[in-house]
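Residue numbers (our numbering), protein chains in the order written: chain G, 356 to 722; chain X, 2 to 566.
Note that these hints are calculated values from the structure, not bench results. Every residue gets a Cβ at the ideal spot worked out from N, C-alpha and C, and that includes glycine. Mixed in with the good hints there might be a few duds.
Derived DSSO-like pairs: lysine-lysine, alpha-carbon spacing no greater than 30 Å straight-line [stated by the list, open to error]:
id, chain 1, residue 1, chain 2, residue 2
1, G, K540, G, K362
2, X, K391, G, K467
3, G, K599, G, K530
4, G, K516, X, K75
5, G, K599, G, K540
6, X, K354, X, K517
Simulated DEER-style distance windows between Cβ atoms [to be verified]:
id, chain 1, residue 1, chain 2, residue 2, range
7, G, E482, X, R392, 34 to 42 Å
8, G, R390, X, R392, 50 to 58 Å
9, X, I379, G, E482, 36 to 44 Å
10, G, Q378, X, I401, 23 to 31 Å
11, X, R392, G, E609, 28 to 36 Å
12, X, T284, G, E426, 53 to 61 Å
13, X, T284, G, F372, 25 to 33 Å
14, X, L483, G, E471, 23 to 31 Å
15, X, Q458, G, E471, 33 to 41 Å
16, X, E111, G, L672, 51 to 59 Å
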Amino acid sequence: MKAPSTKLGVLGVRKVFGDGPSQVVAADDVGFDVRDGELFTLLGPSGCGKTTTLRLVAGLERPDAGRIVFEGLDWTPLPPFRRSIGMVFQSYALFPHMSVFENVAYGLRVRKTSREEIGRLVNEAIEMVGLAGTRARRPGQLSGGQQQRVALARALVYHPKLLLLDEPLSNLDAKLRVYMRGEVKRIQRQAGICAVYVTHDQEEALSISDRIAVMQAGRIAQVGTPAEIYEQPASTFVADFVGKANFLECTVLEHDGEACIIRCGGALLRAGAATGSLPIPAGTEGLLFFRPERAVLSAVSDDASGLLARVRDIEYLGSLVRYTLAGEEGWTVLVDAPPIGGIRQVGEEVIITLAADHAQVFPKGSR
Amino acid sequence: MATLAAPRVRPGRAFDLSTATILLLVVGILGLLIVYPLSRVLLLSFIKMGDPVAPAHLTLANFSRFFTSGLYQKALVNSLVASGTTVLASLVLGIPLAYILARVRVPFREALISLATLPLILPPFVGAYSWILLLGRQGALTSLIRDGLGIHLPSIIGPFGVIVTMSLSYYPFVLVPLLGALSSADPHVEESALTLGASPLRRILTVTLPLVLPTIGAGAIIVFMRAIGNFGVPALLGGEFYVLPTLIYFEVTGSFNLHGAGAIALVSTLFSIGSLLALRYITGKGGFVTITSQARPVAQSSHPAARWLGFGFCAAVIGISLLPHLTVLLASFAERWAGTPLPTAYSLINYRKAFTLSMDAIRNSLVLAVGTTVICMIVGSLMAHTAARKRIPGRWLMDITIMLPFVLPGIMVGVAILVAFIVPPFELAGTGTILMIAYFIRRLPYTFRSAYASLTQTDIALEEASLVCGANQGVTFRRITLPLITPAIAAGATITFATLLGELTTTLLLYSARWKTISVKIFEFISYDQTGPASALGALLVAAVLVTVYAANRLSGRSLTSALG
């Protein structure tokens with residue numbers, strides 16, 4: 356049935372809030388599974404149902420349909436305190452009336468762990484998140500990053516079987532956010548625990564995750580490794596949401612299931628077919644997709660074949676130059692190029708070349 | 002894509018059992034103790050005394066007395082006149098006081114503000130009674146004012162005394178919110194009026210006051226509601242000056258006509274509900290929000306003349322408003338005090354008398370106040386938790402039901418409890434239970450409201466974090482929710498206890514020989530002209546209230562009287 360390494364199974368869960376005309380389907384037939392030791396991310400824009408899905412896994416919401424299964428045990432009817440989970444909240448939700456030590460010890464105290472054991476485990480956890488020396492302080496006396504660490508320690512100290520993280524880094528400033536995501540990953544690895552991580556930050560998701568589920572309007576749009584999500588998005592939505600994307604209208608001339616020949620912007624190009632998309636009949640309209648950094652710019656010459664465009668705008672970003680290029684037919688695309696060998700000028704004509712495995716065709720009208 | 006035969010999930014028992022139990026408890030308590038008595042008094046007021054309670058006997062006879070009986074008409078007019086005048090006097094006292102305290106760097110400002118809020122928690126009838134000591138025919142100040150200043154004050158017994166006492170008790174309802182509004186107003190608005198060429202007085206009249214008009218209006222309405230429902234003051238000082246609450250009392254104790262009393266209470270309630278709707282309208286409009294990008298405290302005048310003149314005015318008003326309670330204290334130690342500014346002999350004899358005659362009453366007051374406070378704390382916080390945390394239908398109905406006895410005149414609640422619980426199947430007449438029921442439903446809003454406010458300000462994720470950590474709902478409530486809302490519950494409980502110790506209005510309708518309280522005893526002493534023991538008990542009461550509130554303030558580190566506003 357399932358791969359032996361599967362820990363958490365989310366099976367076709369559905370959650371509707373409100374009733375009558377104001378009802379909102381927050382999660383609709385959401386299904387995925389999380390493997391042992393894996394950091395699995397739910398990624399999507401706000402309101403896509405990722406937090407609702409996480410809360411369903413936690414037992415803080417009850418599904419209207421579907422099941423949550425963990426290690427073969429049906430968790431669906433269990434309240435949160437009967438599931439072996441640790442959770443880090445977006446607001447951290449540290450108990451303001453308790454010290455750092457007491458916050459971390461809380462899960463052990465309610466489990467009636469012995470006093471010596473509590474002392475040992477709490478110190479271990481505080482050490483693991485690098486917070487030694489703050490254990491007597493109150494949460495209000497800690498910085499955002501420290502609170503974050505306390506929340507992690509509190510969620511891990513009683514060795515839960517599953518760690519849930521709800522946008523844990525969104526309240527930190529940009530620099531700390533990048534540093535802490537490495538820390539979260541390290542701590543999760545060290546604890547050897549499988550984790551479900553919710554974020555709307557695609558860069559964070561790509562950098563931290565073993566696998567990602569991209570969600571859209573209460574449904575799962577794609578599940579895959581960060582590379583799969585980035586390189587072979589299953590829909591224009593995923594392509595657009597994760598990273599930067601260029602879309603160009605095109606006509607499919609030939610399609611053999613793996614690659615197509617298309618006519619686009621007056622040029623004939625080879626491009627891969629979108630993953631999972633059915634063969635597109637020859638002659639139909641499609642959307643050509645490629646990432647800005649996958650295209651190559653070259654000077655106009657007879658042996659260069661590709662899309663003819665004119666440089667309209669230049670953004671110098673240091674490590675790369677971002678060109679806004681416009682075609683004669685009125686389309687514009689972004690192309691990122693390293694500033695090696697000079698920067699092109701506004702108004703200059705260039706050829707955009709695309710390798711077939713870095714360009715993809717979606718059937719038009721698909722999302 | 003249909004969900005592949007995924008089973009419908011049954012709600013877990015652990016969750017909904019507790020919700021259902023609490024909900025049942027809430028509905029039961031509110032239905033039995035609030036909805037039932039109020040419905041019953043409503044029903045009885047449409048049935049003549051002696052007639053069986055049946056649809057065929059519904060009549061407006063009890064209400065027609067307002068058109069036929071001179072006494073009824075006079076009481077209605079008196080109520081409106083006394084309450085209206087009290088509102089005006091409260092505005093005259095409260096507005097300048099608030100302006101000075103907000104805009105002038107008055108010496109001892111914090112102390113003055115604390116003292117100014119005291120009348121809100123001190124029992125008004127104790128103050129009322131001490132005006133007799135001060136300005137009665139034998140009063141300490143009567144001859145002084147008449148001979149010394151040549152002013153002939155109207156008799157303290159009658160409308161004058163009622164209005165003076167109520168105004169001095171209720172002006173803080175205007176002062177406190179207005180002080181807040183004036184202190185937090187954006188100074189730029191007034192400065193721009195100055196730059197536009199307005200004189201300071203013109204600025205106050207055209208900019209400052211109009212901006213806080215909704216606040217003043219809301220305060221005025223609260224004063225009106227309190228005044229029209231006040232029983233103790235007109236009962237002690239009214240004499241022949243009957244108002245609706247004293248007329249109700251007269252109907253109950255004089256002829257035991259609960260039907261007639263219900264009808265009067267209903268008419269009185271209409272004014273309260275009318276006031277409440279007006280209040281909703283005013284506060285619903287939200288007043289004027291002055292939007293500012295940078296918060297800057299309002300400028301306070303620190304001109305020495307302004308400071309000391311301001312201090313003089315504030316100290317005088319606040320001093321006079323607290324004078325009655327100081328007088329009670331002085332009188333409690335006075336062995337002889339008649340017609341002179343100060344007592345001519347001091348002793349502890351009043352306390353000795355008071356104690357020997359009122360030990361039972363003191364015990365009863367403590368038992369009732371402590372018992373009711375504990376019940377209010379438990380039920381109030383449970384209900385607040387249900388209202389704030391559970392997604393239940395009809396939550397607004399629960400809120401209104403709990404708040405209803407708070408806005409209704411106390412005497413109305415008393416009559417309702419009387420008509421509901423002295424007949425089968427309850428037959429609680431004269432018991433401590435019936436007193437506690439009345440106390441409970443009138444004071445429940447204090448703990449409910451403060452716990453509710455505290456809960457809505459507490460992140461729900463804290464409780465979720467506890468559940469996720471492995472604590473069940475009971476443990477979560479005990480170890481997370483409760484500690485966080487305890488200060489708020491304690492604040493509500495303090496006010497509950499402090500105001501119950503001297504509760505008079507409902508007590509006078511419901512007490513029995515076995516269940517006399519301190520307030521009943523004071524009332525009796527006054528009726529028998531035993532001013533000494535009355536003062537001693539009154540002083541004890543005032544002291545107990547002050548000590549309670551002071552201790553609670555110290556413990557929680559904030560002003561609890563603010564919960565009353």
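Against the structure, the hints come out as follows:
no., hint, in the structure
1, G:K540 - G:K362, "holds, 19 Å"
2, X:K391 - G:K467, "holds, 28 Å"
3, G:K599 - G:K530, "holds, 21 Å"
4, G:K516 - X:K75, "violated, 77 Å"
5, G:K599 - G:K540, "holds, 25 Å"
6, X:K354 - X:K517, "holds, 16 Å"
7, G:E482 - X:R392: 34 to 42 Å, "holds, 41 Å"
8, G:R390 - X:R392: 50 to 58 Å, "violated, 35 Å"
9, X:I379 - G:E482: 36 to 44 Å, "holds, 42 Å"
10, G:Q378 - X:I401: 23 to 31 Å, "holds, 27 Å"
11, X:R392 - G:E609: 28 to 36 Å, "violated, 57 Å"
12, X:T284 - G:E426: 53 to 61 Å, "holds, 55 Å"
13, X:T284 - G:F372: 25 to 33 Å, "holds, 31 Å"
14, X:L483 - G:E471: 23 to 31 Å, "holds, 28 Å"
15, X:Q458 - G:E471: 33 to 41 Å, "holds, 38 Å"
16, X:E111 - G:L672: 51 to 59 Å, "holds, 57 Å"
Of the numbered hints listed earlier, those contradicted by the structure are 4, 8 and 11.
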